[in-house]
Structure formats: structure tokens, C-alpha cells
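Sequence lines, in order, name chains A and B.
Residue numbering for the first sequence follows the UniProt record's numbering, beginning at 1 and increasing consecutively.
Residue numbering for the second sequence follows the UniProt record's numbering, beginning at 1 and increasing consecutively.
Quick caveat, the hints were computed from the structure, so don't treat them as lab data.
Careful, some of the hints might be misleading.
Claimed, not checked - Straight-line C-alpha distance at most 25 Å; calculated BS3-like pairs for lysine-lysine:
(1) A/Lys306 with A/Lys333
(2) A/Lys2 with B/Lys245
(3) A/Lys2 with B/Lys155
(4) A/Lys5 with B/Lys155
(5) B/Lys12 with A/Lys245
(6) A/Lys57 with B/Lys41
(7) A/Lys5 with B/Lys157
To be verified - Covered stretches of chain B, going by a simulated chain A footprint (3 or more residues, C-beta under 8 Å):
(8) 121 to 134
(9) 254 to 264
Claimed, not checked - Here are the computed distance ranges between Cβ atoms for each label pair:
(10) B/Ala314 with A/Gly277: 50 to 58 Å
(11) A/Asp143 with B/Ala68: 49 to 57 Å
(12) B/Lys245 with A/Arg399: 43 to 51 Å
(13) B/Thr3 with A/Ala209: 52 to 60 Å
Built from N, CA and C at the ideal position, the CB exists for glycine as well.
2 protein chains.
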Amino acid sequence: MKTWKMAARAEKMNPSVLREILKVTDLPGIISLAGGLPSPKTFPISAFADACAEVLKNDGAAALQYAASEGYGPLRQAVADMLPWNVDPAQVLITTGSQQGLDLVAKVLIDPGSRVLVETPTYLGALQAFGPMEPTPVSVASDDEGVIVEDLIAKAKDSRFIYLLPNFQNPTGRTMSEARRVAVSAAAEAADLPIIEDNPYGDLWFDEAPPLPLTARNPEGCIYLGSFSKVLAPGLRLGFLVAPKAIYPKLLQAKQAVDLHTPIFTQRMVVEVMKDGFLARHVPTIRALYKRQRDAMTAALTREMKGLDVTFNAPVGGMFMWARLPEGIDTVKLLPKAVERGVAFVPGAPFYADGQGDPRTLRLSFVTASVDEIDTAIAALAATLREQLAHDAAAKVQRELAAT
Amino acid sequence: MKTWKMAARAEKMNPSVLREILKVTDLPGIISLAGGLPSPKTFPISAFADACAEVLKNDGAAALQYAASEGYGPLRQAVADMLPWNVDPAQVLITTGSQQGLDLVAKVLIDPGSRVLVETPTYLGALQAFGPMEPTPVSVASDDEGVIVEDLIAKAKDSRFIYLLPNFQNPTGRTMSEARRVAVSAAAEAADLPIIEDNPYGDLWFDEAPPLPLTARNPEGCIYLGSFSKVLAPGLRLGFLVAPKAIYPKLLQAKQAVDLHTPIFTQRMVVEVMKDGFLARHVPTIRALYKRQRDAMTAALTREMKGLDVTFNAPVGGMFMWARLPEGIDTVKLLPKAVERGVAFVPGAPFYADGQGDPRTLRLSFVTASVDEIDTAIAALAATLREQLAHDAAAKVQRELAAT
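Using the sequences plus the hints, can you model the full thing?
Quick look at the structure:
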């Protein structure tokens, strides 16, 4: 073989920036605040063991056979029952992780060059899933409450959809307020702009449930993506989407072409685990754990970053916190130094679709590391930052001396 | 929402012809020779139950966490060890069923309008997987030994690849001979034409193993797709591909964008099941069962179709047999009548990429139904056919009388 002639879309594919960054963070002895890995303490291992045994004993042959592309009927029903609006199970499509929902949406809605609106910043995995269909992503200005409605309206025309992550967003941890949801929903409907609502973290609220999903307000204008990764376990790759009748058949055809169906064994496992109201007992334990770890991280940042010009938020749920370091700091350059001191984070810039990312930002996960590890890691991050600031100040003095 | 503006590729998606056909075959009381469902008797249910318990006991947290996009290391090693040529595990990518391998290949190699060569007839699922990337499929003339080399050479120019299923092909059950493999491999290499080799059935040989894969003859010019669906269970959706260094990174990036990774729990289950040489004991039992059922079907066809102009092959492995009914019969029209008599099959015409399918052909699966069911089903099929022939003959007499 002399040459492999690739598709144009493949020529444009690049290794994930984030993935390359995270390679350096995966070393032994590093406390990682980088990845979005749920705490393994939250995995209901023994409940899964019981469920596997039951499924194989009672329905072994069916659990190992080919199955329907739409997903396992009882799981589709369970999803419909879980959601806080009136969902017909016929509109639920089980996916191999919610990431696959993004791939199917891209296949069905994006032509090369299609405008696709995203938050500023947005989930990098969505940009990667949409990428092969070659859209033109357009960042909508956003504040602490989510996308800014005026900018959404200004950019809606000729856009295929807006991709939104209203609850405890990845990467910022922010939540779209009720007032903003009302306004965004109305604006999208007025502009005939579909909303792709991604809600992997919505159940991980700490004090009170977030406002109603956007999809609940206008089901015919939205595709809703959900996941079992954060309430049960990511290693099963089980997610779902809910789509209106106008678009569901195309998503189903795309799903069938991609992998025929999501593994039926894991679908049945999850139905078995969830029976008798398991999630209602289990999810509060995850919320309590992550809330303690968020508290530990905000306390550690307050303590360790004292006197430095560092801002950060205190998300009311989810997995991630967003911070901004003093002027002049570039978190991409800071990362290797932090890793030397034993802590990893994710620089914020890659999460901006327009390439105009703020170099001072970073994402911190508070779910994987324990409270003690969080304390150690934030202290190490602060030491790294102080050293960098001292180094930058010294360099500045040197430059000034050299100039006089 | 007034309208959902869809991507051009989605506008062209149609419900699977086969899927629509199979809906009528899925009724209670019907013996289906239609679907490609492995016999559930072959599923090692208790071995899976033991494996689930072991994996969750020993590695529960890791088995439920996010994992590498490339796949689980020991599974990649096991795949490399299984294959009959020297494979570096670094070139193995674990997929969510081998169908997903086709989706990734399409994303990386097909531009809209790209020529893609396929067999006559070919696997319908491959046409569906390639479809969203909008290729122009071109059928290469084929005989009982596979694609005809002269026609392959004539059509190779400006084609992105040729998709081949050399062992016990779906739908025809035919196997590419050693001589044909040598010639096809040489012709593809000379034309710098990549081969996508799909081998889901290769282990299901009855008397002797098929010739070496095409990929073994020129690993740098081929992507090889394999599956655990037929030797363990399809409900896990576990497959793999082996790709040369020139193209592997792009396939990996596409995989990561699609679903991050294949479920790690099922990957670990399969590694656990396969330890201690399980497949070497298990697969021969599948071969023996399917061989008995193939024998039953050829015997039943010989007996029941006596005196009718029906031809069929006797595949030396796999799951499918290919038959051709007398002149004037259209198997699409015959199917509902067969279903009325309690037997279902798949008409052959949809498997032809160029739409010029032979209406007299049909595919019969000999793996799902038992020997007794096969006997009953083939008798019912013969009765349906005799009735149709009698009806057609009577209609012809009527027409001739009317014309005199």
C-alpha cells in the first residue's frame, strides 16, 4: 500500500488537545483534578453483581442475543418514568453512552459548513462528536447563568441547532437559571431553532434540584440527551436520548447503521439494578459525597489562594469547578509545572469553540480525589502559582533593568 | 418547532428494507430462517455468570469506570494472539460490535460520492453503515469463489476501497478460494486499493479452516474487522478492527468522538471468559451444531424441492445458505405467502448494491432454528412454492385462453 486516501473530514481530525494534555497527568503519584471520572466509591458494585447473576439466571439467552435498535423496552419505560415531563417511551432511544447521542445528532442534523451554536465555553467532547460532520461552530456569549439571550437571537438565523448543557455545565460548573431558561426557550422557539439539551449531571444536585429542563418546556423543539454514567457507572456506556416524532426515525436509522443496538446485557443489568427504587436510595449518597468534596475544594481554594487574584465559582451540583488565575498566567504553560508538584488540572482554553479561549482559566474536578487529596492538590497548585508569579515578577524586573 | 432542517445525508436515509420485511416475520408461530441470530444454545451463560462475578469481585471499580478508547489492553492482546498472522496489539481497536468498525471506516475513508467497491451481492449492514457518508457503491461481479478479479481490476481506479467478506459470506454463504485470495490480494496491491476485510463468521468452519485472511497477506493494505458475536454472544456488542499504522490514529480519533470507548465491563467479562483456552473448547461445539443444521437444511431442500428448478449451495461454514427459485418467482412477493404457512426467509434482492438484484434469490439461515424446525420450515417453503407455481401456471393458461 503506497497511500491511504482519506476522507476530507479525516484529514482535518486532530488528536484531542485534551487527551494529549491528560497524558502527562496520568502518571503515578499525581493527584488528578483533571479528568471527569466519577468517584469509584459511588459504583454500586455488589448491586451490579446481584443484577448480573439475576439477568443471566432468568433471561440469559435474551440478554446475550441481538436486540432492538431502539433499546430494551423496560429501560425505555424506566427512562420515560424518570424524566420530569410527560415522555412517551416510544420517543426514547437507548445509546451507547450519551456521547453516541451527539454523534447521531451530528449525522442527522449537520451538513458540512452548517452553523451550530454552542456555549462559551462548551463541552469539548461535543465539539469532537460534531467535528466529523464538519459544522461551523459559533460561540454564543455566556455569563454565569448560561448563554446570553440577545446574542443567541442575533446568531440564531441559519443555524441548525444550539447545543446547551444547562445543569452544572462541563467545563464551568454553572447552571442556567430559571429566568434564563424561560427566555432561552422562548427565543429558540421564536427563531425555530432546535435545542440539543445535554444533561449528564442533572441528578447530581447538592441542595435542591435544578430548574426544569428546556426540553420539558418545548418537547417538539428539543432533543434531550441523558446518561447513566454519573448515577450508576460510566464503564457500561449507557445513555439515552429523547427526540420528537419529527426526527426520531432518522436518529434510529443512524443508530442502527452505527452499531445495530446498544449492548442488551448491560441494558438489562441496569433495569435489574434500578428496580425497587434503587436510584432514589443511591443517588443521594453520590450527592452527599460530591457536596463534601466541593466544600473541601472551595475551602482549600479560599485558604490557599489568599492574596492572589484567583476567582472561582462554587457549583451547586455536578463534578466541575471553574477558576481564573491572575493576569499573565497561561494555564497551558502552568500545567507541566503543577504536574511536577503532583497535581493536574485541565486548562480552560480548549473548551472555547472559536479558539479565543481565556488562557487564565482552568477546570477542576472535585469528584475523583478525596477530601485529603483535594487539600494536598490545591496547596500544590497554589505553590506552583506562587512560584510562577515570583518567577514572572523577577523576569519583569530583569527586563526593566536591561531596558534602563 | 415548525420544521427540523435535516442534513442532506439524513434526508436520503430510508428505513431498512430488510427491517421492514423482517417485521412480518417476527410473529409468534413463525419459524424464522430469516434473521442472522446465532443459536442461543451456543451462549455460554454460566461461563458469563462466573466471569461477571469474578470481574466485579476482583476489579469492580476499574470495570465500571471510564476506560481507554483503544480498548482494554488484555483484550487487544487476546485478539492479536487469536489471529493467524503477526499482529501488534497496538494495531487492534476494540469496537462496539464489528458494525461499528464499518461506521469508523466510512467516516475515515469515504467522501460524498467516493466509489466504494462491494461484492455481488454484499452484506446489507455494510451498505447501511457506509450510507451516511454518501459513497457511490459499485458492485464487482462475483462467482462462487468471490469477486471476479478481472472486474475488480477494471473498477479499481479511483475507488476508495473494496469491501470483502471472504469467509461464509453474508448473504450467500460462499467462501473465497485460496487461488482467488492470492489473485485478489495481488490485484488490490497492484492497484493501490485498500481492502476492508470483514470476517465475523471465519471461526464457524465445519470441516476445515478457511484459507488465510487477505489481511494476513498484506497487512499494510487492509483493515480487518472481527467480532465476538458469533463465537460468544452478539448481545455484548463486542468486535474489533486491526488497522495499519498509516490509518489507525484516524480510526481511533473517530472512535473516541463516537462513544469515548467500548463498554469496559463487557471487555473484561470476555477476557475473563476466554482465559484458560475457553474458545478452543467452546467454538467446536458451535461448529458441530451448525454443521448438523446445515446438513438438515440441505437434506430438507433436496427432499422437498425435488422436481422444482431450485438451486442452492452447501456452505462450508457460517450461518447462511443462498437459494434460487424457478423462473418467474419473485421472493419479495413470495415471502408473505410463506409467512402465512409459518416460515420466513430473506429475499435476496436487497443485498445487491446496484439495485439490480436477482428477484429469484433468497437467503436462508440454518443456525437459529432446530433440525426439526428446519424440516418443518423447508416443507412449508416448498408447499408455498408449489402453490405459487400452480397459481402462476393456471394464470398463464387463463391468459392464453383469453388471448385465443
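A quick look at each hint next to the structure:
no.	hint	verdict
1	A/Lys306 with A/Lys333	holds, 22 Å
2	A/Lys2 with B/Lys245	holds, 13 Å
3	A/Lys2 with B/Lys155	holds, 19 Å
4	A/Lys5 with B/Lys155	holds, 17 Å
5	B/Lys12 with A/Lys245	holds, 18 Å
6	A/Lys57 with B/Lys41	holds, 14 Å
7	A/Lys5 with B/Lys157	holds, 12 Å
8	121 to 134	holds (count 6)
9	254 to 264	holds (count 10)
10	B/Ala314 with A/Gly277: 50 to 58 Å	holds, 55 Å
11	A/Asp143 with B/Ala68: 49 to 57 Å	violated, 37 Å
12	B/Lys245 with A/Arg399: 43 to 51 Å	holds, 46 Å
13	B/Thr3 with A/Ala209: 52 to 60 Å	violated, 33 Å
Violated hints, in rising order: 11 and 13; the structure is consistent with all others.
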